[in-house]
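Here's the letter readout for the chains.
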Amino acid sequence: MATKPSLSVERLSRHFPVTTRRWFKTTTAVVKAVDGISFTVGEGETLALVGESGCGKTTTARLILALDRPTSGVIMLGDTNVHDVTGDDYRRYREQVQAVFQDPWSSLNPRMRVREIVSEPLVVNRKRSRREIGERVAEVLAAVGLNPSHADRFPHEFSGGQRQRIALASALSSDPKLIILDEPVSSLDVSIRAQTMNLFRDLQQQFNVSYLLIVHDLAVARYMSDEVAVMYLGKIVEQARTEALFHDPLHPYTKALFAAALPGHPDVQREEIILEGEVPSPIDPPAGCPFHPRCPLKIGEICETVVPQFRPEREGHWVACHLYPEETSAPGAAEA
Amino acid sequence: MPTTAAVQPHSRDRDPPAEVILDVKDLRTYLFTKRALVKAVDGVSFYLRRGETLGIVGESGSGKSITALSLLRMEPKPAGRIVAGEVWFQGEDLLRKSPAEMRRIRGRRISMILQDPQTSLNPVFTIGNQLTEAFTTARQGISRARLPQVVVEVLRKVNIADPERRVSTYPHQLSGGMKQRVVGAIAISCSPDIVIADEPTTSLDLTIQAQYLRLIRQLQETSGVGIIFITHDFGIVAKMCDRVAVMYAGKIVEHGPVRAIFNHPSHPYTQALIHSVPKLEERTERLYSIPGQPPAPGEALVGCRFAKRCEFADDRCRQEYPPVFAGRSGHQEHTADCWRLEDPTWRPSLR
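Note that the protein sequences, when read in sequence, are chains C and H. Using my numbering, count along the first sequence one by one with no gaps and you end on 344. Using my numbering, count along the second sequence one by one with no gaps and you end on 355.
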């Protein structure tokens, strides 16, 4: 990690019980939506969580936003343990972690004016005067490129790109340390995406905020992030600095994702790795490496029986795969 | 980046050009809403050759989906009406056909795959039922006794594992990728000449999308079907299409072979779009961002539709719609609607 971490997540798990009700409720299975993941987000940096639907990206986001409690594991923001805080500390925590969601049509309350939406994180805390709030609203609206007269309008008067700006203004208003961006541009039109991504990047610098970017589009991850973690079935299978990962992906799943991504030019020729089948159900995940049933590079029985350790193959480049055994170990101990 | 082994050569490299099977001329579909007259498709011309893939790219509201629907006379009613144009298919103008005649063309000669497989399948009938229906309504002369076998065969064609068992399942029991394959199976069930695919992979995950695109390409290679791919994604165009038409606010602003467009984008909008998409293959320092927003539906449009957002626009651009000029690649099929192209040495180069 290049800078000191703003958020650190350690061995985080969230297991959902699957219950049936006959005469009384019994737990028949467990969905391991998030299963022992660890990562840190550096101050003022962006970590991208990449993966397909059902891999646990959104559950992770919910846990960090304290919308859900983990089964086990620790989430630390600075020196605060997220799930230990109560009362005022909890409110302060909510101020420091904000989110921008995928769909700005459903994430903004249609009955609130832009001013109310943007100032909501401030009002909740009840520590600022009305004037301070007004000034802050004008400031963040200007920062996202909207003008002060927009403050009295309603969300329906804006286009998708502008709505996403309002959502970002609202997230920024309480001067947070971390903003979770959950697929922030995928519902926007192509010509609007670039301006929105550029805005996110500029404001990160200006406000020195960290982003946890949840995204399925690898090209967006490359453009927006400093570090990338690839998730599969509730586990992080590979993590590295963005450029290191894109230059030399190690995990077969990452390689397959890259191969499946659409090219930027008709002459781009990629190795054709098309995974067969679909992501297995997290209720009944495969034994051993969760990826082994679809893995084109499976080396043998070890993949089916032994869970690969998530360990650094190179400096700062972690991977969980039996193709990279312990012997070639780089500095740093292996971790479960 | 893995860029080693080559994929199999695609049909886009093939010449000479095959015969034109669909020829659309000056198609206009307007939406007559209470608030405004929306010229959703405003004079669009293009053609499709046998066995080729044409991409129609555009943002939402550009009119690409309405164009696709209009080809089959399925423009959204009651607001939508095709007010002018010709759609020539097998020597006949589809816009002059009776509803009964159109029913014999839809699904049989020209079929469609829509974006969301969840809504294109009927939730209360089994997969087998729905496929059987596709075969019987098309009156292909398959005997009742043979039908179940034919249905299983077509499911196998779209790579559905264990098709004998799958015929008796309902749509909700299948994953999104599988449902979209079933929709694909229905679309190809009558061996049509043309399949119109409207964003067929947007609801699918990346690895499932890759499977589905490969399937489409395989089906095309074996059957020689012509495909019209409606998409907002230049990546899909780069991967799948032979030719591409770029739509903006109801007009095709640039048209040409895929490589000509990627290497020599001649309309400022095309160029801006290509430069505003982040690339997986290389690090982008800063994306070009197109200022402003696409025109709102119903906005009165004079002159070039893109003029408001264009770096190169002048007064004439804002007042008069440009004629068709040759594109900068020099390819004879490459055209673009932009006044700047009047100067044969001009090329759009963004900041």
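Don't read these hints as lab results, they were simulated from the structure. In this text, all values refer to a predicted model and were calculated from it rather than measured experimentally. Beta carbons are placed, not taken as given, at the ideal position from N, Cα and C, and that holds for glycine. Check each hint, because a few of them may be wrong.
To be verified - Partial list, computed: chain H residues near chain C (C-beta under 10 Å):
#1 Leu35
#2 Leu277
#3 Pro282
#4 Glu303
#5 Leu305
Would you check whether Leu305(H) satisfies its interface hint, that is, whether its CB is within less than 10 Å of any CB in chain C? violated (17 Å)
Per the CB criterion, is Pro282(H) less than 10 Å away from chain C? For Pro282(H), the interface hint holds, since the closest Cβ of chain C sits about 4 Å away, which is under 10 Å.
Restraint: Leu35(H) near chain C, CB-CB cut 10 Å. Satisfied or not? With a minimum Cβ separation of about 19 Å from chain C (threshold 10 Å), the hint on Leu35(H) is violated.
Hint check: 10 Å Cβ-Cβ cutoff, Glu303(H) to chain C: violated (12 Å)
Leu277(H) was flagged as interface toward chain C. Is the shortest Cβ-Cβ separation under 10 Å? Result: holds, 6 Å to nearest chain C Cβ.
Checked against the numbered hints given earlier, this structure breaks hints 1, 4, 5; the rest are met.
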